[in-house]
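S.K.: Turn these sequences into a full structure, and let the hints steer you where they fit.
Residue numbers (this note's numbering), protein chains in the order written: chain A, 1 to 334; chain B, 1001 to 1536.
It is possible that part of the hints are untrue.
[What the hints assert, rightly or not] Here are the computed lysine-lysine pairs in the BS3-like style, where the Cα-Cα straight-line distance is at most 25 Å:
1. A:Lys149 - A:Lys167
2. A:Lys33 - A:Lys247
3. A:Lys290 - B:Lys1442
4. A:Lys115 - A:Lys100
5. A:Lys168 - B:Lys1442
6. B:Lys1442 - A:Lys332
7. A:Lys307 - A:Lys115
8. B:Lys1103 - B:Lys1036
9. A:Lys332 - A:Lys185
10. B:Lys1442 - A:Lys286
11. B:Lys1106 - B:Lys1236
12. A:Lys204 - A:Lys290
13. B:Lys1484 - B:Lys1259
14. A:Lys173 - B:Lys1442
15. A:Lys141 - A:Lys209
16. A:Lys115 - A:Lys74
17. A:Lys60 - A:Lys209
18. A:Lys112 - A:Lys313
19. B:Lys1442 - A:Lys167
20. A:Lys286 - A:Lys141
21. A:Lys185 - A:Lys60
22. A:Lys164 - A:Lys332
23. A:Lys164 - B:Lys1442
24. A:Lys157 - B:Lys1442
[Unchecked claim] Partial list, derived from the structure: chain A residues whose beta carbon lies under 7 Å from chain B:
25. Ser166
26. Lys168
27. Arg231
28. Asp263
29. Asp264
30. Thr266
31. Tyr267
32. Thr281
33. Leu283
34. Glu295
35. Ala319
36. Val328
No lab work stands behind these hints: they were computed from the structure.
Given the structure is predicted, the values throughout are model-derived calculations rather than measurements.
Where a beta carbon is used, it is the ideal one built from N, C-alpha and C, also for glycine.
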Amino acid sequence: MKKKIFAITSIMLIIVSLCSLFVACKSAEEKEKDYYETNALAIESATDTLSSLTDEVFSKAWTSSFVLAMTYYKTDSEKIYSDGTTEKYSNGSVYGSSIKRGSTTEAGWPVKEVKPDNADYTIKNSTDQYVYFMAFDVDFKSLDNYTVKTTLFNDVKRSDYINKISKKNYREKFEIAKEFEYTVKDGVASGELNQGINPIYVIKMSTDKETIRETGIAASDNFRIYTHFMRIESRTVFGANNALITKEVNDESGKIYWQNYGDDITYDWNNVYSMNNNRLTVLYSKGKNKINSLEIYNESILSYYTKNNNVDKSLVLKADVIAFTEMVVEFKYA
Amino acid sequence: MEENVQSIDGAMPIAEEPSTDQSANDDLANKKYLKKKDYIFFSLAQFASSAVTGLVQGYLLYFYTVCVSIPAAAVGTMFLVSKIFDGLNDPIMGVIVDRTRTKWGKMRPYLFGAAIPWGILTIIMFMPSIYSSMASNAAKIAFMWITYLLYSVMGTAVGVPLNGLPAVASPNTDERAKIISISRILGSIGEQSALVLLTLFLLITNDNYTNSYMLMALIIGILGPVFMVLGAKFVKERLEPTERTPNVLEGFKYLFRNKQFLLLICSNLLTFFRNFVSAMIIYVVSYIFSRGSLQIIFSLPGAVASMIGMMIAPKLRKKMDSKRLFIFATIWHSAALALIFFVYIIGGTAWWLVAALMFIAMIPVGILNVIPHLMATDTLDYWEDKTGDRCEGITFSLMSLRSKVSSGLKDYTMSYLLVFFGFSQALPFLNDHTPVQSDFTKFGIFAIYTIIPAILNLISIVPILFYKLSGKKMAEIQGRLSIKRLEEAKRLEGIIDAEVKGETDIYSVVAEKEYEAELAEEQATAKAIVEEEGKE
Chain A
1 MKKKIFAITS IMLIIVSLCS LFVACKSAEE KEKDYYETNA LAIESATDTL SSLTDEVFSK
61 AWTSSFVLAM TYYKTDSEKI YSDGTTEKYS NGSVYGSSIK RGSTTEAGWP VKEVKPDNAD
121 YTIKNSTDQY VYFMAFDVDF KSLDNYTVKT TLFNDVKRSD YINKISKKNY REKFEIAKEF
181 EYTVKDGVAS GELNQGINPI YVIKMSTDKE TIRETGIAAS DNFRIYTHFM RIESRTVFGA
241 NNALITKEVN DESGKIYWQN YGDDITYDWN NVYSMNNNRL TVLYSKGKNK INSLEIYNES
301 ILSYYTKNNN VDKSLVLKAD VIAFTEMVVE FKYA
Chain B
1001 MEENVQSIDG AMPIAEEPST DQSANDDLAN KKYLKKKDYI FFSLAQFASS AVTGLVQGYL
1061 LYFYTVCVSI PAAAVGTMFL VSKIFDGLND PIMGVIVDRT RTKWGKMRPY LFGAAIPWGI
1121 LTIIMFMPSI YSSMASNAAK IAFMWITYLL YSVMGTAVGV PLNGLPAVAS PNTDERAKII
1181 SISRILGSIG EQSALVLLTL FLLITNDNYT NSYMLMALII GILGPVFMVL GAKFVKERLE
1241 PTERTPNVLE GFKYLFRNKQ FLLLICSNLL TFFRNFVSAM IIYVVSYIFS RGSLQIIFSL
1301 PGAVASMIGM MIAPKLRKKM DSKRLFIFAT IWHSAALALI FFVYIIGGTA WWLVAALMFI
1361 AMIPVGILNV IPHLMATDTL DYWEDKTGDR CEGITFSLMS LRSKVSSGLK DYTMSYLLVF
1421 FGFSQALPFL NDHTPVQSDF TKFGIFAIYT IIPAILNLIS IVPILFYKLS GKKMAEIQGR
1481 LSIKRLEEAK RLEGIIDAEV KGETDIYSVV AEKEYEAELA EEQATAKAIV EEEGKE
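M.R.: Pasting the structure below:
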């Protein structure tokens, strides 16, 4: 009996060792190729499912009330003159961030305290997250017949936004800036949208399979597909002059933009100027082929020059999320 | 008989003293051995040990997954495997300690030797610069496995002798109970010290979790070993155990033979879901309320509520037996968690409301921390009544094994639940990246914090339904044991009264007398055999 156990254990150990050897023998290039091929297949399958689900959404009548929130950094500055007088102003909006890349001589992230040469004032800067947001009330019958009511609110600090937005009567908690109504009847549009933002278009673009495949495969290394709900994560990377860097560009240039792949990826911020991370989460009923809710999240990352630390004040490159957009749509089907 | 029924409501029943004169036996039993410095330094050592374990158990999962971006699934697997490994170490360490004989005793050498490496490993585990210097995730995972396993081994090498120290510091059971009680309260405070430090450092570093963790690990990792070494230096081992130590295999056999203890262990293994509540606080305040500094407001009242539960547990036990109290506290905890979940779902999303309701939910947790230990002593009495054997060492090392396996199961299931709900991890190539979680994930985080433990906790009641040591049954057992102990005490009284002199401890005298009696019996038997053979 002991001999049998010994023989079986030995055979199993040999099999395990051979398997390990086989896995180890696979070259790094082959592993990387496998990784991207597996991802491409997974994203193809996921976007096919997504496409069939979104077709269903736009073929049914539904209503929904939801919020589109864009978070950005605003810099509040205070100019303090030598005679004690002060002057306050702020910089930055949702369409023009106060965070810039900067250069080796000028910090892109606003420096907390600046005393220009030969000036009789000091500037104190503080950066904080603000939210530009709007609520939509959508009554959708078909792509040719729907109504979108938009309520635009005044920008608020993100901390205030978080405190109030989860409340049922959140609309009463914020100041309304303007209200819009937009109607499409028999294919003819009338009315007004805030800054042209049509949530129907946002949903369509965010779930469009060709768009996801193109932007995703371009530079993504981060697809994740879940079984009980659908999540597609993709990433686009940009170099100088906002040039899109695809995997091919990175390979041809000798991998100057990023090294490795998957969780081990590292970026060279000298060459990567910015990136976008997109995350689409779809909760759906499998049997009914029906999307219950859809969450769109996008974050913009910028690489910028900043002060090293309080002791060493030389400038170094760093990267951070400087803006993000959130939208959660829950469909109420007729 | 009434006395015996009463005794199950309090501590372990003690053999009644003979009601005659105050003999040398009384003097020895009441003699005080522990000095102030024993209480102070042992409590400080317990405080330090709890501070280290509180830091690691409360914050390491978050540090691994969020601050240094190790995949949650890898962390979960490592926690599960290492906790089982760690739990198995306990009985082994117990045997090693029991076989140790040095001039410093058998417990203290391990405290001297293991406390400092334990502190160093704690610091290393929370050093972000080590992880950021690693090129691949595989290297981070390998480093995590090595350091955490070493930390577990050192933790066992410190924990087992530290927990055993009161048992050898004094033969006086009242003194032991007192030093354990004081040190447990300080231990509870020690567990929360990481939270206090975290709150302080979050304020100083402007909500920078990575640096705050590093700083609190530095403080606890340096001061902790200092306190533990001081404890080892000043708390003396005054008692040489004379009882035979069972080996590890015997311990596991006992688990399956004592069915009541097995049911208790099974039930306790299933209580790990309730640990989700405290472990999820950091996720709730960071991702749902977006304010890391709220952690102290959620954690400290919870700890206070739990301490209230610990204090009221003995009083409640006078009104109902352990079995009923366990079921009552479990249902109370589950109902309160379910209430918080539904209040939140219908719109009660204010953080102060959740924190206030959580205070009510945490009181039964204190009760559930005490009752299983009292039930374990009931199973000891049951076993003694049934077989005549009493196995404290095995019982409590298996309780410790249960606790560690539970902790591993908690970390493992929690990590996988986070993955299940699509928890977005921080990007490893960005510093202090805090991704905004999706609404679905936020719902999941709140569910893991409330309704999931509320439902799963109830499973732990199932084995207890088959647990037979209810009030009446225990009263019968205690009655029989009291009579047995009284007879034993009277028998020993005769031996001791005749022999006890000066400072000799009571246990050694009893053991020696029993040995001499056995020897005399053997000699008599041998003599009888020789005489018998001579006649033939």
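S.K.: Identify whether the interface hint at Val328 of chain A stands, where standing means a beta carbon of chain B within less than 7 Å of its own.
M.R.: Hint on Val328 of chain A: holds, closest Cβ of chain B at ~5 Å, below 7 Å.
S.K.: Quick one, are Lys1106 of chain B and Lys1236 of chain B close enough, alpha carbons at most 25 Å?
M.R.: With Cα atoms ~11 Å apart, Lys1106 of chain B and Lys1236 of chain B stay inside 25 Å; holds.
S.K.: Interface hint check: Asp263 of chain A, Cβ to nearest Cβ on chain B, cutoff 7 Å. Holds or violated?
M.R.: holds, 5 Å
S.K.: Is the interface hint for Lys168 of chain A satisfied, with its Cβ closer than 7 Å to some Cβ of chain B?
M.R.: Hint holds; Lys168 of chain A Cβ to chain B Cβ min 5 Å, cut 7 Å.
S.K.: Taking only the CA atoms, is the gap from Lys1442 of chain B to Lys332 of chain A under or equal to 25 Å?
M.R.: holds, 21 Å
S.K.: For Lys164 of chain A and Lys1442 of chain B, compute the direct alpha-carbon distance and say whether it is at most 25 Å.
M.R.: Holds: Lys164 of chain A and Lys1442 of chain B sit about 16 Å apart, inside 25 Å.
S.K.: Regarding the pair Lys1103 of chain B and Lys1036 of chain B, is the alpha-carbon distance no greater than 25 Å?
M.R.: holds, 23 Å
S.K.: Regarding the hint that Leu283 of chain A lies at the interface with chain B, is the smallest CB-CB distance below 7 Å?
M.R.: This hint holds: Leu283 of chain A lies near chain B, its Cβ roughly 6 Å from the closest one there, short of 7 Å.
S.K.: Quick one, are Lys115 of chain A and Lys74 of chain A close enough, alpha carbons at most 25 Å?
M.R.: With Cα atoms ~21 Å apart, Lys115 of chain A and Lys74 of chain A stay inside 25 Å; holds.
S.K.: Should the hint that Thr266 of chain A touches chain B count as held when the rule is a Cβ pair under 7 Å?
M.R.: Since the shortest Cβ distance to chain B is 6 Å, the answer is holds.
S.K.: For the pair we were handed, Lys307 of chain A and Lys115 of chain A, check the Cα-Cα distance against 25 Å.
M.R.: holds, 15 Å
S.K.: Sort out whether Lys286 of chain A lies within 25 Å of Lys1442 of chain B, counting only the CA atoms.
M.R.: holds, 22 Å
Checked against the numbered hints given earlier, the structure satisfies every one of them.
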